[in-house]
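Listed here are the chains, written in short residue letters.
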Amino acid sequence: MKVKAGKFLSDVGYMNNQHPHSWDFTDQNLAYLNLLGDHGLRDTGVQITWLPDWGHYTLFGLEAFQGEQEKLGALADVGDGLEAELADAGLSVDDLALGDEQDGPRLYTAFVKFAPDLGYDHALQLGAWGGWADQHQEIHGDPEDGNLHTLEGDAWMWGVDAVYKYAGGGAYGKGDFKLQGEYIWQRKDLDLQFHQANPALVGAERQFTEDGLYLQGLYGFAPRWQAGLRYDVVGLTNKLESGGSTLREWNDSDRWTAALTWTPTEYSRLRLQYAMADITIDGESNAFDYVYLQYIMSLGSHGAHKF
Amino acid sequence: MKTISSLLVAAFTMLLASSAWAALDIAATSSSTGALVREIAGEHANLTVLAPPDRDLHHLQARPSMIRALRGADLVVALGADLEVGWLPLAISQAANPKILPGNPGYFEAAAQVSLLDIGGPADRALGDVHPTGNPHVNMDPVRMAEVATALAERLARLDGEHAADYRARAQTFGRRVDERVATWHRRLANPPGVVSFHKDVIYLLERFDVPYWGTLEPVPGVPPTASHIRTLINELQGRSGLVLSTTYQPDQAPASIANALGWRQVRLPLEPPLDADGDGYLQHMQRWVDALAGGG
Numbered sequence: 000m001k002v003k004a005g006k007f008l009s010d011v012g013y014m015n016n017q018h019p020h021s022w023d024f025t026d027q028n029l030a031y032l033n034l035l036g037d038h039g040l041r042d043t044g045v046q047i048t049w050l051p052d053w054g055h056y057t058l059f060g061l062e063a064f065q066g067e068q069e070k071l072g073a074l075a076d077v078g079d080g081l082e083a084e085l086a087d088a089g090l091s092v093d094d095l096a097l098g099d100e101q102d103g104p105r106l107y108t109a110f111v112k113f114a115p116d117l118g119y120d121h122a123l124q125l126g127a128w129g130g131w132a133d134q135h136q137e138i139h140g141d142p143e144d145g146n147l148h149t150l151e152g153d154a155w156m157w158g159v160d161a162v163y164k165y166a167g168g169g170a171y172g173k174g175d176f177k178l179q180g181e182y183i184w185q186r187k188d189l190d191l192q193f194h195q196a197n198p199a200l201v202g203a204e205r206q207f208t209e210d211g212l213y214l215q216g217l218y219g220f221a222p223r224w225q226a227g228l229r230y231d232v233v234g235l236t237n238k239l240e241s242g243g244s245t246l247r248e249w250n251d252s253d254r255w256t257a258a259l260t261w262t263p264t265e266y267s268r269l270r271l272q273y274a275m276a277d278i279t280i281d282g283e284s285n286a287f288d289y290v291y292l293q294y295i296m297s298l299g300s301h302g303a304h305k306f
Numbered sequence: 000m001k002t003i004s005s006l007l008v009a010a011f012t013m014l015l016a017s018s019a020w021a022a023l024d025i026a027a028t029s030s031s032t033g034a035l036v037r038e039i040a041g042e043h044a045n046l047t048v049l050a051p052p053d054r055d056l057h058h059l060q061a062r063p064s065m066i067r068a069l070r071g072a073d074l075v076v077a078l079g080a081d082l083e084v085g086w087l088p089l090a091i092s093q094a095a096n097p098k099i100l101p102g103n104p105g106y107f108e109a110a111a112q113v114s115l116l117d118i119g120g121p122a123d124r125a126l127g128d129v130h131p132t133g134n135p136h137v138n139m140d141p142v143r144m145a146e147v148a149t150a151l152a153e154r155l156a157r158l159d160g161e162h163a164a165d166y167r168a169r170a171q172t173f174g175r176r177v178d179e180r181v182a183t184w185h186r187r188l189a190n191p192p193g194v195v196s197f198h199k200d201v202i203y204l205l206e207r208f209d210v211p212y213w214g215t216l217e218p219v220p221g222v223p224p225t226a227s228h229i230r231t232l233i234n235e236l237q238g239r240s241g242l243v244l245s246t247t248y249q250p251d252q253a254p255a256s257i258a259n260a261l262g263w264r265q266v267r268l269p270l271e272p273p274l275d276a277d278g279d280g281y282l283q284h285m286q287r288w289v290d291a292l293a294g295g296g
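So the protein sequences, as listed, match chains A and B.
Per numbering that gives the first Met the number 0, the very first residue in the first sequence carries number 0; after that it's consecutive.
Per numbering that gives the first Met the number 0, the very first residue in the second sequence carries number 0; after that it's consecutive.
Isolated chain A (complex conformation):
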């Protein structure tokens, strides 16, 4: 049994506890980016894990977090700009009818990981997790357009993850292979708290469901050289329901990414990455191409080689 407290990256999923400098691609995958946030689920809280003395690696964990999140369990942020706009429309922050209770913990997770012993060359780890936020707030619309409305309720998520690694002992990672994928599903069960245009809607249910996944592979084709390919998508399911009927549906956004990484030494890394994305913004599909050139240098003591 192990307890850890402080501000840390949650151990849910496979990618979540990895720091950006150890990512295999320059940027966060779309599923994490949209459903957990750019740096994943990171918060102040307590974690308890249990690694039973069983024949195969099995890890159970529970976490409780304060809930300072942008995605799961977000609290609406009424900034000065919105406050001024509200005043112009003859409204005050109190009219938004959002709870001001901000005490944590408000976000809880549970996870399990299992890794059968496949010998020295092969490794497989499977994981499943769930997360629940007992408070979630959103503000939509614009007071100037007369369509401002606020939502409050709770939110929950679950995910499954798998990673397979082959390490054959080739020089500097030559011949090594890694395949990893995760699926994440999120639901927000909210009620309208305030509706500028139609006050009769207050109390109506608004249920948002969105999911996403990524699948990526990495191959060491020469000593110190890796080629990577990733497909990520968010919004395979992407809908708003109320009382069992669908009010709106949105399209998904997806992307293909290829990366070439050179690791001249243990302490430096150079990466060239190209991505082709089809991103849905306000219901419109937009094609993007991205090119990144990234140089990572690690300073200080020797970093840990996480699985």
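None of these hints come from the bench; they were simulated from the model.
All values reported here derive from a predicted model rather than from experimental measurement.
Backbone N, C-alpha and C fix where the C-beta goes; we use that ideal spot for every residue, glycine too.
Be careful, since some hints might not be right.
Here are the computed lysine to aspartate or glutamate pairs in the EDC-like style, where the Cα-Cα straight-line distance is at most 16 angstroms [stated by the list, open to error]: (1) Lys-164/A with Glu-204/A; (2) Lys-70/A with Glu-137/A; (3) Lys-238/A with Asp-188/A; (4) Lys-173/A with Glu-235/B; (5) Lys-173/A with Asp-251/B; (6) Lys-173/A with Asp-55/B; (7) Lys-98/B with Asp-52/A; (8) Lys-70/A with Asp-153/A; (9) Lys-173/A with Asp-188/A; (10) Lys-177/A with Asp-23/A; (11) Lys-238/A with Asp-251/A; (12) Lys-238/A with Glu-204/A.
Over 12 angstroms on every C-beta distance to chain B, these chain A residues come out as not near it, computed from the model [what the hints assert, rightly or not]: (13) Leu-32; (14) Gly-36; (15) Thr-43; (16) Gln-101; (17) Leu-117; (18) Asp-188; (19) Trp-249; (20) Asn-250; (21) Ala-257; (22) Pro-263; (23) Phe-287; (24) Tyr-289.
Following the hints, put chain B in place on chain A, whose structure we already have.
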């Protein structure tokens, strides 16, 4: 009655099983430390070797199977001096097993039991992957490994007092066998060639037998050979007669090209003995390196 006797049989089987559990669970990071555990602890230990001999111990990851093996271990035997720093501390911390935390009797480092070479260099990344605590590749010196075996016997005696005399006797026997072999090897290597190696992982072997060490193909530890460094080496060593050594997990290109340019012999051997080696297996493994130095490899 039948039920009772089968219950008795079951109870007896459980007793037998629990006496088997009384053996120490030991995790060795490499097959060389594993060989010492096998030699000194013998049947009193259940041994797991965390890394196979064809891997570079600098570059491993803290895999779930390692964490699993460390979870219930009574003792972890590492080479130490930061060689396993990339993965062992992380794996130990994730195993949540206080017995094997550094500083506790369940944590044993070979390098901490003997005198080290290359101690006290600056901890400067410009000099590559240096280990200011000293060069960790002590497994390449049979004499130091015999000293490690003696220290390991004391540690085992502390963890399992019942078999203390056995552990000490086995370490003494191993020490005698090492002494005999080393005496033979000194005679065999009376007139050794100079050596260039890929990484500074053979220094203990060369120093033990007074073999001249003329440099490494890596410009600084952990940084792969560069064309200019190879050219400098070739210019410096032109006209001399020597040997190029590398291990099986290092790329073969640079050793082959320098051996070719200088007209030297090139030998590529595993740095670690076979996975199932005991004390004899370890000495046979060192014999291959001695043969290589003597010209028979």
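A quick look at each hint next to the structure:
1. Lys-164/A with Glu-204/A: Violated, at about 44 angstroms.
2. Lys-70/A with Glu-137/A: Status holds; Cα separation ~10 angstroms.
3. Lys-238/A with Asp-188/A: 12 angstroms, holds
4. Lys-173/A with Glu-235/B: With a Cα-Cα distance of about 31 angstroms, the restraint between Lys-173/A and Glu-235/B is violated, given a limit of 16 angstroms.
5. Lys-173/A with Asp-251/B: 13 angstroms, holds
6. Lys-173/A with Asp-55/B: 12 angstroms, holds
7. Lys-98/B with Asp-52/A: OK: Lys-98/B and Asp-52/A at ~14 angstroms, within 16 angstroms.
8. Lys-70/A with Asp-153/A: This hinted pair holds, its Cα atoms lying about 12 angstroms apart.
9. Lys-173/A with Asp-188/A: At roughly 48 angstroms apart (the allowed maximum being 16 angstroms), Asp-188/A and Lys-173/A break the hint.
10. Lys-177/A with Asp-23/A: Satisfied, since the Cα-Cα distance of roughly 10 angstroms is no more than 16 angstroms.
11. Lys-238/A with Asp-251/A: 10 angstroms, holds
12. Lys-238/A with Glu-204/A: 13 angstroms, holds
13. Leu-32: 26 angstroms, holds
14. Gly-36: For Gly-36/A, whose nearest Cβ neighbour in chain B is about 25 angstroms away, the distance exceeds 12 angstroms, so it holds.
15. Thr-43: 21 angstroms, holds
16. Gln-101: The claim stands: Gln-101/A keeps its Cβ more than 12 angstroms from every Cβ of chain B (closest is about 33 angstroms).
17. Leu-117: 8 angstroms, violated
18. Asp-188: Since the minimum Cβ distance to chain B is about 35 angstroms, Asp-188/A lies beyond 12 angstroms and the statement holds.
19. Trp-249: Non-interface label on Trp-249/A holds, nearest chain B Cβ at 38 angstroms vs cutoff 12 angstroms.
20. Asn-250: 38 angstroms, holds
21. Ala-257: 24 angstroms, holds
22. Pro-263: 8 angstroms, violated
23. Phe-287: Given a closest Cβ separation of 34 angstroms, the condition holds.
24. Tyr-289: 29 angstroms, holds
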